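Undergrad: Chains as they are written, first to last, in the numbering used here: chain H, 1 to 472; chain D, 1 to 472.
Among these hints, one or two may not hold up.
If several chains are the same, the list does not tell them apart, and a pair holds so long as it fits within one copy or across any two.
Unchecked claim - No more than 20 Å apart at the CA atoms, straight line, and that leaves these computed lysine-lysine pairs for PhoX-like:
(1) K381 <-> K285
(2) K408 <-> K437
(3) K285 <-> K274
(4) K203 <-> K249
(5) K249 <-> K285
(6) K458 <-> K206
(7) K39 <-> K168
(8) K274 <-> K404
Keep in mind that the hints were calculated from the coordinates and are not lab data.
From a predicted model like this one, the values you see are computed outputs, not experimental measurements.
Protein chains: 2
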Amino acid sequence: MPDAQCLMPNAQLIKPRLPGGFKDLLPEEFAARQFILDKTVEVYRSFGFQPLETSCVEHLETLSGSDETSKQIYRLFNQEPDFTGESLSLRFDLTVPLARVLASNRSAFNLPFKRYQTGYVWRGERQQKGRFKQFLQCDADIVGTDDPAADAEIVLLIDAIMQSLGLKNFTIRLNDRRILNGFILSLGLSPADINSFLRILDKLDKIGWGGVAVLLSDKTTRDENGQETAGLGLSPDKIELVGKFITAKDNLKQIAADFAEIPALQAGVASLRKIITLAAAAGVKSPHLQFDPSLARGLDYYTGPVFETILNDIPNIGSVMSGGRYDNLMERFSRDSLPATGISLGVDRLLAALQELNLLQTTGKSASALFVPLDDAALEKCFSLASELRIHSIPCEIYLGENKKLKKQLTYANQKGISICLILGEVELVQNVIQLKNLISGEQRNIAISDLFREISKIVTSDKQVVSDILV
Amino acid sequence: MPDAQCLMPNAQLIKPRLPGGFKDLLPEEFAARQFILDKTVEVYRSFGFQPLETSCVEHLETLSGSDETSKQIYRLFNQEPDFTGESLSLRFDLTVPLARVLASNRSAFNLPFKRYQTGYVWRGERQQKGRFKQFLQCDADIVGTDDPAADAEIVLLIDAIMQSLGLKNFTIRLNDRRILNGFILSLGLSPADINSFLRILDKLDKIGWGGVAVLLSDKTTRDENGQETAGLGLSPDKIELVGKFITAKDNLKQIAADFAEIPALQAGVASLRKIITLAAAAGVKSPHLQFDPSLARGLDYYTGPVFETILNDIPNIGSVMSGGRYDNLMERFSRDSLPATGISLGVDRLLAALQELNLLQTTGKSASALFVPLDDAALEKCFSLASELRIHSIPCEIYLGENKKLKKQLTYANQKGISICLILGEVELVQNVIQLKNLISGEQRNIAISDLFREISKIVTSDKQVVSDILV
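Start from the sequences, fold in the hints, and give me the full structure.
TA: Have a look at this one:
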């Protein structure tokens with residue numbers, strides 16, 4: 001319903017265009033996405049997570065960090081006289097706003113605070129195929145405890161969501177940044193080299209171990225601008241250590257034994273041990289949960305355990321749920337630290353995956369039956385009958401177009417995926433019947449109007465799957 | 001879960017502030033709003049409405065209309081090198097974007113198209129107490145038919161939503177702009193006078209009929225800037241006609257008879273007759289549905305029937321669902337007209353009303369029970385038991401804080417509104433029992449771990465209302 005001022009009569013016509021990088025969701029796509037979100041939120045809630053919805057708009061200073069991020073942030077302005085010059089901006093993730101809420105009003109929250117949030121975020125990235133400037137996130141975070149039990153619960157969330165979406169063949173990859181960073185530093189590299197090391201390691205899937213080994217040994221390399229800079233220049237024995245390290249997949253014990261002399265690494269090992277033990281107690285273990293010492297997830301954000309989730313039937317789609325521990329949550333706002341761990345659902349990727357795997361149990365359909373009135377007297381009777389069905393929780397609709405031609409109305413039902421048409425005209429009104437036409441089976445018969453509810457419930461009950469979709 | 005680039009280590013601390021005119025929703029408020037939205041969407045779906053979600057961001061030219069609106073529109077900009085100079089803006093309602101989608105891709109829609117949409121809109125209005133710059137709308141529209149049957153269905157939607165929210169004492173006020181405009185023109189006023197007339201009529205509740213009569217008779221008046229301009233200067237006999245007109249509440253027949261010589265008005269009467277007949281067939285009639293000839297709803301937007309909904313116990317809160325027919329939907333984009341009618345839920349008002357009337361059947365609560373582990377061995381057992389309960393659809397959580405002091409954990413349960421605590425320590429583990437503590441009744445007893453599911457289901461089932469809230 002519109003605002004009184006929004007349309008301009010007699011104005012020049014405007015070409016209806018959606019800006020690049022943004023999209024609309026038509027009914028079927030919306031229903032498919034809703035299926036994923038409903039299942040996910042149900043899982044979050046079953047673990048005691050609570051909803052927190054932050055404003056889409058924040059002060060620019062709350063958001064802006066690195067140059068890279070600042071470039072992507074959308075700023076807002078309008079021309080109201082009371083515009084105070086405050087720099088308003090659209091949020092680009094759901095985590096900084098969470099930190100802002102907690103920092104400004106910590107006493108309102110019962111720690112550990114477990115929250116979930118579904119919401120759009122905006123990033124003005126350079127336009128790329130398949131990348132959007134507005135996308136939906138569906139996050140869960142546990143704030144206020146650094147116990148690995150919280151990270152274990154995040155692993156359980158991932159498992160429960162995958163199961164609830166009907167995904168069976170998945171792997172939750174698990175690592176701890178202290179293991180990875182501790183190992184890198186043990187090679188004699190400096191903290192400033194960690195990111196270079198991770199960028200090379202990230203190429204493992206693409207160029208294989210041989211290619212990675214060459215890059216690690218290079219004494220010079222070229223940066224993004226083509227400038228020659230110092231490479232890591234690792235010696236052959238150190239490269240052998242790297243090989244040994246990254247091949248210890250699913251073997252935390254071996255990592256612990258092989259690198260016993262690195263204390264930082266051992267802290268990570270202890271943390272993962274607890275996560276793996278607790279997850280196993282809840283029934284989540286290998287092959288669904290796998291330790292992978294090469295997993296990094298981003299460059300310098302996470303501080304402890306990190307997770308990602310691969311669908312083994314379509315690994316190329318990338319991780320569908322990822323996250324980790326970020327004990328630096330509050331550092332932007334406060335010197336008091338507040339540890340946190342969390343996860344984000346890749347809604348668009350998951351949607352594509354479920355479509356590809358044919359697991360979307362939903363339709364864009366909304367009603368069980370269409371009333372097809374052939375004239376205005378019949379229309380009145382249809383209003384009465386439809387109301388009765390709805391009172392009994394049977395969703396149904398009445399054809400409302402002016403065109404009362406039967407063919408037009410049946411086409412409408414077909415296009416909307418409604419199989420039951422209830423046709424009512426002068427003849428039927430006199431006989432006190434309604435003509436039931438099943439567009440799928442072709443069945444056609446008159447039923448007494450007094451039997452309508454009973455007959456429709458029978459059909460609807462026999463087609464239970466469809467109904468549960470509709471009523472969700 | 002955050003973006004790797006969003007936080008800046010060692011940066012200056014930033015004050016955590018939410019911009020004025022924006023708000024966050026804490027768990028209880030979110031749950032309350034969700035209760036309203038779920039009920040509303042369930043009703044929309046039961047009538048065969050389908051979800052359509054448009055982008056939050058539009059081209060400025062798609063949105064901007066009158067000066068008044070343009071001032072309120074938030075524009076977006078960022079500093080990416082590929083920024084094309086396109087003027088991106090945040091939508092300020094859900095109707096213009098609907099028109100944009102239909103105009104650009106009409107063949108994708110099966111007309112009449114019945115859509116619903118829940119989404120934020122943004123308006124950079126001058127800041128006022130209780131007015132927000134970001135607010136949620138929840139609209140339903142029927143596009144592609146000018147049959148009053150569609151308007152009748154909108155009336156049924158309002159009634160069904162009110163009933164489903166537990167609101168009994170409400171009035172849907174109904175009028176047709178052709179009746180009101182036809183009458184105003186019949187007084188000898190020009191189309192340009194309509195808005196002045198409506199502005200005066202709008203004061204009826206505040207200054208009474210006497211005050212309105214004086215304003216209608218004034219030969220001069222002052223505009224917003226204090227400039228003297230021509231008033232309507234109605235003669236006493238015309239003012240008497242106005243009095244007769246506006247007092248014909250709930251009496252369409254009288255209006256039809258008294259003003260039989262005004263053809264435009266008669267078109268409106270015919271339309272309302274059909275709406276009232278069809279609504280009555282579906283059980284919606286006086287006193288829930290009332291014709292009110294003085295109802296206008298905005299100045300020059302609506303073209304036919306208009307509706308608003310008053311809660312009779314708290315009329316001051318204003319209309320909680322309003323809308324009307326706007327057959328000019330597409331005029332911005334196309335010379336082909338596409339008739340439309342629709343409604344918008346006043347989410348914030350309704351939330352305030354349900355709170356005031358004590359009708360919110362929801363809690364911020366998310367879990368039925370809290371596991372309280374007293375050490376790490378107990379924690380592992382709790383992970384296993386909680387998983388079992390969740391598999392049986394009993395939402396529950398485990399205390400995850402590092403502090404394993406019983407008092408701290410019980411306080412956590414209390415603050416989160418969880419009444420059942422399941423305490424597990426060394427002693428209980430040895431005896432294979434768990435200590436159940438009901439924080440409301442004070443009951444405390446040991447139960448065998450093997451009986452846990454059975455015992456908890458008993459408690460949960462006896463507290464059904466709470467469970468259904470939780471599981472929704």
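Undergrad: Work down the list of hints and note, for each, if the structure agrees.
TA: How the hints compare with the structure:
For a Cα distance limit of 20 Å, the shortest separation of K381 from K285 across copies, 16 Å, qualifies, whereas the shortest one inside one copy, 60 Å, does not. In this homomeric assembly, K408 and K437 come within 20 Å of each other (Cα to Cα) only inside a single copy, at 15 Å, whereas the closest approach across copies is 64 Å. For the identical chains of this complex, K285 and K274 are intra-copy neighbours only, at 13 Å inside a copy versus 64 Å across copies, given an alpha-carbon limit of 20 Å. With identical chains, the CA atoms of K203 and K249 are at most 20 Å apart within one copy only, with a shortest distance of 17 Å there and 75 Å across copies.
For the identical chains of this complex, K249 and K285 are intra-copy neighbours only, at 14 Å inside a copy versus 70 Å across copies, given an alpha-carbon limit of 20 Å. For the identical chains of this complex, K458 and K206 are neighbours neither inside a copy (56 Å) nor across copies (55 Å), given an alpha-carbon limit of 20 Å. In this assembly of identical chains, K39 and K168 lie within 20 Å of each other by CA distance solely inside one copy; the values are 15 Å within and 33 Å between copies. For a Cα distance limit of 20 Å, the shortest separation of K274 from K404 across copies, 16 Å, qualifies, whereas the shortest one inside one copy, 68 Å, does not.
In this structure, the one hint that does not hold is number 6.
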